[in-house]
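> Sequence:
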Amino acid sequence: MEVVHDEARHRFVVTEGEARGLLAYREAGPGVIDLLHTEVDPALRGRGVANDLARAALDHARAQGLRVIPTCPFVQSWLKRHPEELDLVAAS
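Sequential numbering from 1 applies to the sequence shown in my numbering.
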């Protein structure tokens, strides 16, 4: 499944038919995005959609030279499983 960056709505999205998964973010200052919330419709669960959304968001942050605030509990747990990405986390 393809993750699309919906920049106008500040989210990364996967859609399949009527089902949708998304990771919402907000700009939290110059060069920083706050990854707020991950949501995946039941029809898409168990297929790695949330992982793909987190990967897309972190890849985007790296490519754009952004730091991230991992407010979303899923993103927090994802980062624990991918410590190689912790350099993207903004200092508190």
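It should be emphasised that the hints constitute simulated quantities derived from the structure, not laboratory data. One or more of the hints may lead you astray.
Said to hold, decoys possible - FRET-style restraints, in silico, Cβ to Cβ:
(1) Val89 x Thr15: 24 to 30 Å
(2) Glu7 x Glu39: 28 to 34 Å
(3) Asn51 x Ser92: 22 to 28 Å
We put the beta carbon where it would ideally sit given N, CA and C, even for glycine.
> State the violated hints by number, sorted upward, taking the hints as numbered earlier in the document.
The structure breaks only hint 2.
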